[in-house]
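Given next are the chains, with one letter for each unit.
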Amino acid sequence: MRIVFLLALLGGAVFYTYIAFTDLGFLTRTGRLGPGFFPRIVGLGIIVMTLWAIFDALGQRRTAAAADHVTDELEDARWRDFLLLVALVIGYAVLIRLFGGWISTILYLGVALSLLNPGQLKQNLLVATLFPSGVYLLFDRVLNANMPPALINLPF
Amino acid sequence: MDIFSDLMMGLSIAITPINLAYLLVGAMVGMIVGVIPGFGPSAGLAILLPLTFGMDPVGAIVMLAAIYYGAMYGGTITSILLNTPGESATVASTFDGYPLAKQGRAGPALVMQAVASFVGGTVGVILITILAPMFSQVSRSFGPPEYFLLAMMGMLTLIVMIGANWKLGVISALIGFALGTVGVDLETGQSRYTFGSAELIGGIYFIPIAIGLFGLGELLYAFYTGMHRTGSGGLVQYDKESRFWPTAQDFISTRWTMVRGSILGFVVGVIPGAGATIASLMAYSTERSLSKNPENFGKGEMAGLVAPETANNAASSGAMIPLLTLGIPGSASTAVLLAAFLLWGLRPGPLFMGQNPELAWGLIASMYLGNMVLLAISIFAIPLFVQIIKVPYRILGPCIVVICALGTFTVHASFVEMWLMVAAGIVGFFMRLYGFSPAALVLALVLGPLAEEALRQTMTISRGSFGIFLDRPASVWIIIVTIALLIILPLIGRIGARAKANKATGH
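Note that the protein sequences, when read in sequence, are chains A and B.
Residues 1 to 156 in the working numbering are what the first sequence lists, from first letter to last.
Residues 1 to 507 in the working numbering are what the second sequence lists, from first letter to last.
Only chain A is shown next, with the shape it has when bound in the complex:
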């Protein structure tokens, strides 16, 4: 995964640097440093350092493979938990767009707590209703901040 992450980073860096060289000038018409000066240095820097890190990671992978004691089962469980939370976060972001801040938070917390804290129905219900209400009061009433508006207004 580490190599995949570094390769993704390298891809982004190449794209960034390509734009710096093709779209952004090194100097302005008056001969001053242009908008491409800094991005070119930064882009080339990321490419060089990421390539170095990839070579390092390839070398480490060979030595680490033998010494890896983390069981596949534990590793799978870790990634499962990570992906579950990522899915919940993305789902929440979609819900916020559709139903606004308050309703979506109740729905999200209801689902999240039933998955992460199963068997505690009363506790989960209390948290899923009281916490969003508290947050709504704090943001919308006390701080007068912008709560996300709903795209679809529910009939209740």
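Hints in this document: simulated from the structure, not taken from any laboratory.
Keep in mind that a hint or two might mislead.
[Said to hold, decoys possible] Derived CB-CB ranges, DEER-like:
{"id": "1", "chain 1": "B", "residue 1": "V481", "chain 2": "A", "residue 2": "L138", "range": "43 to 51 Å"}
{"id": "2", "chain 1": "B", "residue 1": "A474", "chain 2": "A", "residue 2": "W52", "range": "29 to 37 Å"}
{"id": "3", "chain 1": "B", "residue 1": "S141", "chain 2": "A", "residue 2": "V4", "range": "44 to 52 Å"}
{"id": "4", "chain 1": "A", "residue 1": "V4", "chain 2": "B", "residue 2": "G54", "range": "25 to 33 Å"}
[Claimed, not checked] Here are some chain B residues pointing at chain A (derived, C-beta under 10 Å):
{"id": "5", "residue": "T188"}
{"id": "6", "residue": "L351"}
{"id": "7", "residue": "L406"}
{"id": "8", "residue": "W419"}
C-beta: ideal position from N, C-alpha, C; glycine also.
Since the structure of chain A is already known, use the hints to place chain B on it.
Below, chain B without anything else, positioned relative to chain A:
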């Protein structure tokens, strides 16, 4: 005498009912954030910054500063009671804090850590009061070349302190610089990396990235490590102990430890990149080497708890000096504070204290009051914090997601920024997992535009010659200090690493 009258003026601003209320709320909230494992001052400040938008600048800055050092106070409670540091700066506090608690001295340990934090924080603020005006005076002669060099110094020292993973630290910083180039180039008006999006014309905003990296990213990492599966089972029950308060001997035996820890912590805190973690580990190591009973360290020695606690709080105060007088943050937390200042149209730097005396001295005065408030909260609200520690991470985690998402949205009422926060959170998780430095990225994102602007102005002044950096005495001094720090800091880092290694091997 000038300093005294300035401080009195600051106190008259800080001691208003509303500012005292902000101070109290900030200190309390900061401590709550500090108590949550994995969440330190940077996360607390980033997540809670949007809550201060409706306030006046003085109240907002007072509250944010209180959150900043409140989180430092709170991080130790879990170190003592659960052997789990609230954040990296309180790792050294577990070395003797938890053994003390296991010996049935959790109460005295909790009180002594509060007193030590108070002493460290207060000595730090006294030193700020004396030194900040002097630093401002010196830095008034600084121009674009010096600002560029200072920004580079901040980045380089941070990267050097990363240690073995320095290459990944450089990549993190460069990504931060790259993100900082998005938006309209102010000198030519040309769009850079906006891809026709109106949302990106103003650049990638700092808050969603900071909340994503420090808030959501840390949370994802905590879930990955299985923190939500473990409860607070190992929590020491301090309330069943016969004696809560420390003895006179506890105070007498650690009085010089507090003095040494405060001064050492402050000096380390002033150095950009070094920060509270290094300060606390160094103070622990120094105290152990000076102690008559070094063999007791790691087994429940009060000086072993007091030293890192005074140092990390003094370091938090020390870090305010480069922020207030140079406008250069030395850590991720102070980078978030700088972003907050910029948000209210305030530009910290050499002229800041002269042009905004009410705000600067109001902030410094509030820090004196904040330390007193935190001393009281740290001791008398311990039962409340213990209740918070008992809330399982599997319940706390989803609630933190809500604060991150809604907090990001409230800044500009932008769904794009909310998605940016989610993306930064996922990237932040991988950065944390593979040894990258989210702190370096955030610092570079803040410093990048300043550094680029300063460099381009410098090149315009010098007509394209880099020799200007060697022509100006102030620039030469900054280069000399930077080189000295690059040599000294790895040695300091090694002392800290040795203290950790000694603890791990039980020596």
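Results for each hint:
{"no.": "1", "hint": "B:V481 - A:L138: 43 to 51 Å", "result": "45 Å, holds"}
{"no.": "2", "hint": "B:A474 - A:W52: 29 to 37 Å", "result": "34 Å, holds"}
{"no.": "3", "hint": "B:S141 - A:V4: 44 to 52 Å", "result": "50 Å, holds"}
{"no.": "4", "hint": "A:V4 - B:G54: 25 to 33 Å", "result": "43 Å, violated"}
{"no.": "5", "hint": "T188", "result": "5 Å, holds"}
{"no.": "6", "hint": "L351", "result": "26 Å, violated"}
{"no.": "7", "hint": "L406", "result": "6 Å, holds"}
{"no.": "8", "hint": "W419", "result": "6 Å, holds"}
When each numbered hint is compared with the structure, violations occur for hints 4 and 6.
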